[in-house]
Amino acid sequence: MNQLAVCIRDLHVSYGKFEAVKGISLDIPKGEVFGFIGPNGAGKSTTIRVLATLQPKFRGMALVGGLDVISQPQQVREKIGYMPDFFGVYEDLTALEYLHFFAAAYKLPSHRRKGVIDDVLSLTDLGHKANSPVDALSRGMKQRLALARVLLHDPDLLLLDEPASGLDPRARIEVRELLKALKEMGKTILISSHILHELSQLCTRIGIIETGEMVAQGSLQDIFHQLQLKRIIHVRLEDPAADLESRVKEIPGVDSVESQVDRWAIRLREDELSVADFHQALVEEKARITMFQPEAMDMETAFMKLTEGKTA
Amino acid sequence: MSLIPELPLLRRELTELANRRRTYIVRVVAAIILLFLVFVAYSQAIGQRLQFMGNTGLTGPMQYMGIGGDIFARIIPLLFYTIQILMPALCCACVTAEKENNTLGTLMLTRLSSGTIVLEKFGSRLVPMLTLLLLTFPVLAHVHTLGGVDTDLLIGTLWLLFCECLLFASIAIACSTWFTTTVTAFIWSYVLIGFLAALTLSLGYTTFVPSAIWRSAFMDSQWGVTRSQMAFLNAAGLGFGAGVSPSTWLMPVARSVPALFATLGFLLFARVILVRRAFVSQSSALLRVFRAVDVFFTALNDRTTGGIELICDSNPLPGDDPVAWRERNKKSLGKARYLFRVLVVLEIPTLFICVMAAEVSARNRFQGLYVLQGLIWTLAVLVTAVKAATLFSSERAKQTIEPLLASPMSGVDMLSQKVVGMRRLLIVLSVPILTVNLTHFLLDVDLNSLSTVVLQRPLAYLLLSICATFALLYLVTWLSVGIGLKLHSQTKAILASVTVIAAWTVIPLVIAQFFLLRPPAQEFVTTFSPFSAVAATEQYLTEPFMRTSYDRYGQVEDVPRLLWACCAIAVYAAATLMIRHVVRKTCPFLLGRRENLSEPPPASVTRQAQLPVLEGTQ
Ligand SMILES: Nc1ncnc2c1ncn2[C@@H]1O[C@H](COP(=O)(O)OP(=O)(O)O)[C@@H](O)[C@H]1O
Ligand SMILES: [Mg+2]
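Residue numbers (the numbering used here), protein chains in the order written: chain A, 1 to 312; chain B, 313 to 930.
No wet-lab data here; the hints were simulated from the structure.
Remember, it's a predicted structure, so these values are computed and weren't measured experimentally.
Check each hint, because a few of them may be wrong.
Claimed, not checked - Simulated crosslink set (DSS-like; lysine-lysine; CA at most 30 Å straight-line):
| # | chain 1 | residue 1 | chain 2 | residue 2 |
| --- | --- | --- | --- | --- |
| 1 | A | LYS129 | B | LYS647 |
| 2 | B | LYS710 | A | LYS17 |
| 3 | A | LYS142 | B | LYS642 |
My request is simple: use the sequences and hints to build the entire structure.
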């Protein structure tokens, strides 16, 4: 049986009287990238802190790689790499010393440290900054340094709490590329964000959380299916025949055709008609296509639909 | 339209203060302590008067004549001390807290000018202090009715108390605007005030500190008798013949003008630098100073010795103890070269004074050295407490603790490494303390070797003082570390540890003094104060000397000092171990993380397999 990297059952976390997490259950199989989406204050960080063994009080069960967070926190800590949403770096250290510090804290044998640190520095593209004080690094570099730190002990599971928040677009893309590389290395990643499209290109599974409750989870496809969302395709045609619009509407699987200024916005029921088949069908209708642009999975709509009425 | 100008910041500050439960606790406790001390002073003044009267044989109503003056002379210094101690503590966080929370920028974006900000902060901190002082006014009024305090004296004193508040608040606010962290502002406020006190002592009459003006205007006297007492003595026909000049309130008020100007100066200074120092990055100031000092020392070293390095900070990478490594190699109070400088700065004046003390006659040696000893101990305890209290709270403030907590290092491990990192500092601090002890030792050996060669007592003394020094320093360390773990803010942690230590030290002494306890009970109660470990050791050395003078007055011999010293040191060593145990035990909990209680039960590994694997929720 495929072991789960993370297994949470009926998790409740309260801060005093305020219940921040109200009964979340989730599973992350090994090797998946799980995107944890929700607005600010939804309880993402709280859930991640539970997995990072930093939340001493909670109800429910949380297992990391089969280890219980409550009874074996030390073993769990060796398996995870946790990057908090807000963190400081020791300003009196250089990047290299910072990594050595954590290598020692993770009890890496000293003869292996240099090699490992060189590896993570080159992976995060910080080799040229190894000897500058951590204080002098830009925000994006600090974030990458934190990622480098997280990778030192080669954890199975990465818990990344909003790793791209507050970064400029370039740094954001760099972080994303780095995460892709990690995904290819076969790590299980739990990554939270309140920005939707940030995750859609990266995650194999998504959980949407709001006010402490999981609203939906599954693969992207599952979620769209679950919501019966329609794929929108923008098409521009050269001299369309007058009756082409009605003929297109006839194609089974096409939900609606909306004629806009310079294009048509066509909604597909994707389970009946795939994008490729639809393109084929258009060509068979003798349409001369100058633009064919399927809209990326519309997560914003998904999100709005899922959280309907609850944010009000 | 309201005639009172709108003071938005003042209102906000006062509302904020009023909304905190802490404010009330602190105020009530401070009021109780102050009133208690006032009461002690009151009863002591009466007791002393009765004793004095008993000696002169005067009885009847004359006996209480002008007693108000005696009481007044004892209470007012207390009020001045209260102001000197509390005012900086109240004020030093008022701007730095905004800096630490990054709210100062927002504040400066409002329409408030920097002058208004400084003034309203100033006002908001004066109000609680003045209300506290107001509490003692009924007592003062009562004292006034007892006679011996004329109205001029009362008015002048109240005015000077007010000026003292203004001056000290302005100093602390200037520090608060200059420094970036509450901790540095806190320490520097007291350093500045200590400097002012030293200046006062050396300048004498021309001083501008209100408390010193009060002392010289109303209390200056020959033979340690205050002016009001002198008036009484003259009236009773016991006068020493010294003329008593009538005291008027005009004179002290006129003399307080420099203090007011100084206050104004500090406030203006705060106003000017508020913007300039608002965004100076943390620690850079200290680093720059250290770097400047470094350049100076290196140059000096090059010129004098040709660049021989006694202590070079090798900069190794961490071994298996990263936390201790960072404390030792990266913190300014941990690096060998900085500690060496601290040692030099502390040790040279100490040695100087010790040599001076040895020069003067052996009989007189005790007073001067004891003052020095007190100063050094206070400094050492303060530095240790501040350092230990911020070990964890500073990491919390900078949010560097979470990554560390998520690592497999155990909490106890972090704790012990942090404390191990402090070891050098403790050794450096113990050197001047032990220097004074060694001076006592040498002087004593010198005395005795002339008559009988008894080295036993001095040697035992030296051993006892080493034990006492380290027991107490570690006691302070563990206590402050524990408090720093429990309280999350740096300022709170420092204030709480200093307060706890001060209270622990002083309260038993006050109780022993207040109830005028006789020897066995006195020693017993005093043992509850850590001060006893030092006091008993010192008294052990002087025991033979004291005994002869006791015998002369025909007093009964009390508890043997050796026994007392051993007991006190044992008690505090045990207390240290106990606190250490408690702190280590509760440290995972205080750090907010769970740790393996015992070896992991193997069952839980398989527990996962029995779970149904859910796909999706609900
Ligand atoms: N230490 C805390 N004490 C009290 N409330 C908290 C604490 N941490 C988080 N909360 C509250 O719990 C809720 C969830 O917070 P969090 O998990 O940080 O949300 P997210 O990361 O999704 O933005 C928020 O409403 C927040 O105010
Ligand atoms: Mg968060």
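Each hint tested on the structure:
Restraint check for LYS129 (chain A) and LYS647 (chain B): the C-alpha separation of about 24 Å stays at or below 30 Å, so the hint holds. With a C-alpha separation of about 28 Å, the suggested pairing of LYS710 (chain B) with LYS17 (chain A) holds against the 30 Å cut-off. Annotation: proposed proximity of LYS142 (chain A) to LYS642 (chain B) holds, straight-line Cα distance about 19 Å (limit 30 Å).
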